[in-house]
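Undergrad: Since the structure of chain B is already known, use the hints to place chains Z and V on it.
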Amino acid sequence: MSQDKPLNQSLFEAPPMGEQERMIEAILFATAEPQSKKQIEDRLPHGCDVSEALVHLRKRYEGRGVHLVKVGDGWAFRTAGDLGFLMQKESTETRKLSRAAIETLAIIAYHQPVTRSEIEEIRGVSVSRGTIDLLLELEWIKLGRRRMTPGRPVTFIVTQEFLDHFGLESPRDLPGVKELRDAGLLDNRPPPGAVPGVLKSDDDGSAGEEPDDFDADDDDQDDMFG
Amino acid sequence: MSQDKPLNQSLFEAPPMGEQERMIEAILFATAEPQSKKQIEDRLPHGCDVSEALVHLRKRYEGRGVHLVKVGDGWAFRTAGDLGFLMQKESTETRKLSRAAIETLAIIAYHQPVTRSEIEEIRGVSVSRGTIDLLLELEWIKLGRRRMTPGRPVTFIVTQEFLDHFGLESPRDLPGVKELRDAGLLDNRPPPGAVPGVLKSDDDGSAGEEPDDFDADDDDQDDMFG
Amino acid sequence: MESQTHIDGATQARLAAESLVVDVDGYEGPLDILLTLARTQKVDMRKISVLELSVQYLKFVEEAKKLRLELAADYLVMAAWLAFLKSRLLLPPDPSDDGPSGEELAAHLAFQLERLEAMRRSAAKLMARDQLNRDFFARGLPEDVTRKRNVVYKATVLDLMQAYAQIRTKDEFTPLHMEERKSVFTMEQALERMKSLIGHAMEWGTLQQFLPDGWQNDPKLRRSATASTFAAMLELVKEGKLDLRQNEVFAPIEVKKKDG
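Residue numbers (full-length UniProt numbering), protein chains in the order written: chain B, 1 to 226; chain Z, 1 to 226; chain V, 1 to 260.
This is chain B alone, in the form it adopts within the complex (with noise of 0.2 Å):
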């Protein structure tokens, strides 16, 4: 991008901390998406030290107005929690999910990368098309690599954006993940021998346990997404 600065840049000495520390303030402040360390290091002049400044910078911001938070490996500014009530008129209605829709966004954030029939595994009932779209489009969710299984079925991850409106900066930061994860409920536990119906094996979407119907949708899906 803008590497190309002169090869002379060497000469000039980073700027001192509290000035890389504005500079940081100034393009996150700027900007209403989260900027990688890497994408603020590009804009800063050469030799800065991002990591630290940020730390300063995340400091300076607790337990004011704004706050400077990471999401995924992003950096943000975002209102604090507390202040929601302020800023009703910039509120966006959110369009209401449905309860398939937010179980199907939770099973992937909890259990991800997830593939189509181990949600469906999950809540016992096949997961419509609609539903996934609904998620791809709002950009809470997108395709992680296939997996290396028979039929090698696409997964299912979460993104950024889900991440930043939800206010998590990791989804090891899920609400209760530990727990669950302690207790056994996000391990891939295929169900002994045979069992009917919904029941699948977990680890696969292989096409074998699946009603014919099943993988044509995944068909579609493949070429949706090549």
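Do not rely on the hints blindly, as some may be mistaken.
[What the hints assert, rightly or not] Covered stretches of chain Z (chain V as the covering partner; in silico rule of three or more C-beta atoms under 8 Å from a C-beta of chain V): (1) 26-35; (2) 75-88; (3) 102-113; (4) 161-169.
[Said to hold, decoys possible] Cβ-to-Cβ under 10 Å is the rule here; a few derived chain V residues that face chain Z: (5) Ala128; (6) Ala138; (7) Pro142; (8) Lys148; (9) Arg149; (10) Val151; (11) Thr156; (12) Val157; (13) Asp159; (14) Met161; (15) Ala165; (16) Asp213; (17) Leu221; (18) Arg222.
[Unchecked claim] Sample of chain Z residues with no beta-carbon within 10 Å of chain B, all distances over it, derived: (19) Met17; (20) Glu21; (21) Lys38; (22) Lys59; (23) Arg147.
Everything labelled a hint here was simulated from the structure, so no lab data went into it. Ideal Cβ placement from N, Cα and C applies to all residues, glycine included.
TA: For chains Z and V alone, coordinates are given in the frame of chain B:
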């Protein structure tokens, strides 16, 4: 400040000044438009002293990366003036010259001064305005003297920038056709005895050998380059 | 009011099942129903009695049948499976069967219910969090970063020379190519010529004798005429009009009109 408040409001105490500051900070951060004192007041709990809070808040941001500024009768956060450069993202893209451009440039370099219609004659296709403009913009070519023939067409010659870019001391440093052939850059088929019109001697671009119809074309050109 | 107090346990269970059945559209499949039934046991999900749950579910399916409600296939599949599970749990294990035991199957069902319950709770907790643009906000007036794009064009002397060489090559050799055609005696020409000469070839004669005038001395012209004349002769041999022979390698090629 505490004029005409409703009677019952005195029952509720205004939040402490630090809290009022936080609230205004959040409001001005999140709103898309500068907010007047009145607008701010309307959003705050009763009894807040917006003017005083703004004074504190403005002071707090003094010397920071963003400032609290008055815009008309509204208040807003803005990037500190000295950090405006951070809001520009420079990117450099290296592109290859199009074949038309490199051929045109080569002809100008080898035949200068040369008119547009001579270039077209040599290339065998017309030269687009964009190609010439690009080369002019790159400051690799410039206008030479007008040809003293009917229509007085403009000629193009290469510039000092051209020589600098290509590491040449003078246009004469460009290897001639014979050298090109010796270097294997030209097909090694035996040269024919007679060379038709357009193939002029390498080291001069004299006008003497041009057919008459160049001039007719050049009339049009003068209109274009005026 | 009063009548309600007289309702016995069995009726209560029946009513509960009935309301479930009537409301079956509100449920998301058999697992959802099972979870609802499990909650009526009012115990920790880990201590749930799968056997009792199976009985409850089968009763629910019975009620649905009585009410002549059509249940989707997966509800019936679950009923069949639970009936099977119930029998496994009640009967002593069959030593010849190496499939999973009733306890294992029951444990897995309990796990599924617990997991679904946990996910529901987690989903609720997630949605209860402060949300962007509802409880907290991003910068309302982002300052656009102006993008300045510098385009650097790259070209080297070599590019320049190659481009020029290409133009010059094109110019130089187009006319030459046309000239070269003059020193070529084409096969069409040779065939035309041979056809007119065939009548005279009653005796064996060498190929050389058939070359056109003016093509014998210049080596370049002779090569071209020899090649095309030979090709023309082969063509005529194929048509059965000529005989061709060569006594040994590199010996002269001889030709004569085909007999008869």
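Undergrad: Against this structure, judge whether each hint is valid.
TA: Going down the list of hints, with the structure as the test:
Taking a C-beta to C-beta cut-off of 8 Å, the segment 26-35 of chain Z contributes 6 residues in contact with chain V, enough for the three needed, and the coverage statement holds. For the segment 75-88 of chain Z, the proposed coverage by chain V is satisfied: 6 residues have a C-beta within less than 8 Å of a C-beta in that chain, meeting the threshold of three. For the segment 102-113 of chain Z, the proposed coverage by chain V is satisfied: 7 residues have a C-beta within less than 8 Å of a C-beta in that chain, meeting the threshold of three. Check on the segment 161-169 of chain Z: 4 of its residues sit with their Cβ under 8 Å from a Cβ of chain V, so the three-residue criterion for coverage holds.
For Ala128/V, the shortest C-beta to C-beta distance to chain Z is roughly 21 Å, which exceeds 10 Å, and the interface hint is violated. Restraint check, Ala138/V versus chain Z: the minimum CB separation of about 7 Å is within 10 Å; hint holds. Satisfaction of the interface hint for Pro142/V is found here, the shortest Cβ-Cβ separation to chain Z being roughly 9 Å, below the 10 Å cut-off. A distance limit of 10 Å between C-beta atoms decides the matter here; for Lys148/V the minimum to chain Z is near 5 Å, and the interface restraint holds.
Taken as an interface hint, Arg149/V checks out: its beta carbon lies about 5 Å from the nearest beta carbon of chain Z, inside 10 Å. With a cut of 10 Å, the hint placing Val151/V at the interface with chain Z holds, because the nearest CB-to-CB distance is about 5 Å. Interface restraint check for Thr156/V: the shortest CB-CB distance to chain Z comes to about 7 Å, inside 10 Å, so the restraint holds. For Val157/V, the interface hint holds, the least distance from its beta-carbon to any beta-carbon of chain Z being 5 Å, beneath 10 Å.
A cut of 10 Å between beta carbons decides the hint on Asp159/V: the least distance to chain Z is about 5 Å, and the hint holds. Below 10 Å, beta-carbon pairs count as interface contacts, and Met161/V has one with chain Z at about 6 Å; its hint therefore holds. A least Cβ separation of about 4 Å between Ala165/V and chain Z falls short of the 10 Å threshold, and the interface hint therefore holds. Because the closest C-beta pair between Asp213/V and chain Z is about 25 Å apart, greater than 10 Å, the hint is violated.
Given hint, Leu221/V at the interface with chain Z, is violated; its Cβ is 17 Å from that chain's nearest Cβ, farther than 10 Å. Taken as an interface hint, Arg222/V does not check out: its beta carbon lies about 19 Å from the nearest beta carbon of chain Z, beyond 10 Å. Residue-level check passed: Met17/Z sits 13 Å from the nearest beta carbon of chain B, beyond 10 Å. Taking the minimum C-beta to C-beta distance to chain B, about 7 Å, the non-interface status of Glu21/Z is violated against the 10 Å cut.
Even its closest Cβ contact with chain B, about 14 Å, leaves Lys38/Z beyond 10 Å, as expected for a residue assigned away from the interface. No Cβ of chain B approaches the Cβ of Lys59/Z within 10 Å, the least distance being about 14 Å, so the stated non-interface status holds. For Arg147/Z, the non-interface assignment is confirmed: its Cβ lies about 41 Å from the closest Cβ of chain B, beyond the 10 Å cut-off.
Taken one by one, the earlier hints fail for this structure at numbers 5, 16, 17, 18 and 20, listed in ascending order.
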